[in-house]
Amino acid sequence: MGSLVGAYATSHTAMIIRKFQPDNDVHVAVHQAFAQVRAEVDRLSPDVLVVVGSEHLNSFGYDSFPQICVGIGETATGWGDGGVASAEVPLAGAFAAQLLADGVAAGFDLAFSANPKIDHAFMAPMTLIRPEMDIPVVPVFQNANTEPLPPLWRCAQLGELLRDVVTRRPAAERVVILGTGGLSHWVGTPEMGRINTEFDERFLRHVRAGDLGAILAMTTADVLAEAGNGAPEIRNWVTAIAAASTREGGAASEPAWAPGRGDERRARVPKGAVLAYESVPEWATGIALARLLPEQEP
Amino acid sequence: MNLALDQVIRQVVRDPEFRSFAEEAGQQAAARAGVSPAELAAVLEGDLVTLHRGGAHPLLIMQLAGALGIDPMRRFDAEPRAHDVTEER
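Which chain is which? The protein sequence lines are A and B, in order.
Under the numbering used here, the first residue of the first sequence is numbered 167, with each subsequent residue one higher.
Under the numbering used here, the first residue of the second sequence is numbered -9, with each subsequent residue one higher.
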């Protein structure tokens, strides 16, 4: 079976790149944290990088709008939006095809997009983590910005699906999962620029404690009110955290996470290592990076 | 969600021909798009505040700002916060 060798979660605003000021210590600290993730991913030497992100109405409009969509085919191409350079990235077609097939068989009504275009939600962290763009990716689009949003327990179930697909992959295949987005930020509203450090730090306490149940207890309404219309992107962190978890007890076919069940006895959730958190007013976002797997630095 | 308004914003951003048509024949373009002339004018002028109040999708507001070369924070009369509200308590 394949191996999930790493799982990470990072913010993805394009301003990390477009508005980077090399003489700003806070900006430098964020870039150093991304450089650490870059070095770790390089050491982990994955064959596949699964990136779970929430795009910004670039790839999908109202004519056809998926809740969860798997990029399939041979390549993914960056939109070049937000000041993040476009690139053509190889797509791990075999993994993507299996994810799509296994997901539908497991009851996920997954959409797919062939040879997709991907925006800064994917390209910004990828540019910082793997600028060579040589590791085949599987982009997984998860809706975080156009209501109704998938509930957080469903995002956790997506993580479980990803973990299970990895176990069914060829033995030599090494996989890293990256969830992107958040933390607190307001987009396209008069509150742009506001950052709620209290929310961000509370969220990261749950990440450090491996308390996914506490995160799943957050309602979309609460997250929106406290942390802004960009904060629901934390659902991609939820997916990465759940993917890094291991099942404990319960039937193998029964998901550990379901409505009203934040029962961690069914899963061992890793204690995440927060590599950086900065409130960056120039980027209008609470920026965070975390390693979820392995629990020690690789 | 304001479907018609969102659709016309997206069209102005992505379709140069429609944008030119809208600038030249606003009444006709608005009727075709299912929005009021005032709404279409707000889109063409980059009146982000009016669009926000009209329920336009914030991401489409951002795309429009990008297309028109507008700094959205400046247009919303917002400033980068050095600290958040909670620190003032």
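None of these hints come from the bench; they were simulated from the model.
A hint or two may mislead.
[Claimed, not checked] Simulated pairs of lysine to aspartate or glutamate, EDC-like, Cα-Cα distance not exceeding 20 angstroms:
(1) 283(A) <-> 254(A)
(2) 283(A) <-> 61(B)
(3) 437(A) <-> 367(A)
(4) 185(A) <-> 367(A)
(5) 185(A) <-> 5(B)
(6) 437(A) <-> 420(A)
[As the list claims (entries may be wrong)] Rough simulated footprint, nothing fancy, chain A against chain B, three-plus residues with beta-carbon under 8 angstroms:
(7) -8 to -1
(8) 8 to 22
(9) 27 to 38
C-beta atoms are modelled at their ideal positions from N, C-alpha and C, and glycine is treated no differently.
Taking only the CA atoms, is the gap from residue 437(A) to residue 420(A) under or equal to 20 angstroms?
Distance of about 23 angstroms is beyond 20 angstroms: violated.
Within the assertion that chain A covers the region 27 to 38 of chain B, do at least three residues meet a Cβ-to-Cβ distance smaller than 8 angstroms?
Result for this restraint: violated, n = 1.
Can the restraint linking residue 283(A) and residue 61(B) be considered satisfied, given a maximum Cα separation of 20 angstroms?
violated (25 angstroms)
20 angstroms Cα cutoff - pair residue 185(A), residue 5(B):
Distance ~28 angstroms between residue 185(A) and residue 5(B) Cα, so the pair is violated.
Tell me whether the statement that chain A covers the region 8 to 22 of chain B is true, taking a Cβ distance below 8 angstroms and needing three residues at minimum.
violated (count 0)
Can you tell me if the region -8 to -1 of chain B counts as covered by chain A, using C-beta to C-beta distances under 8 angstroms and a minimum of three residues?
holds (count 3)
Satisfaction of hint between residue 367(A) and residue 185(A), Cα-Cα up to 20 angstroms:
violated (24 angstroms)
Straight-line Cα separation of residue 437(A) and residue 367(A) no greater than 20 angstroms?
Holds, at about 15 angstroms.
Given hint residue 254(A) paired with residue 283(A) - CA-CA distance at most 20 angstroms:
Holds, because 9 angstroms separates the two Cα atoms, which is no more than 20 angstroms.
In summary, the numbered hints that this structure violates are 2, 4, 5, 6, 8, 9.
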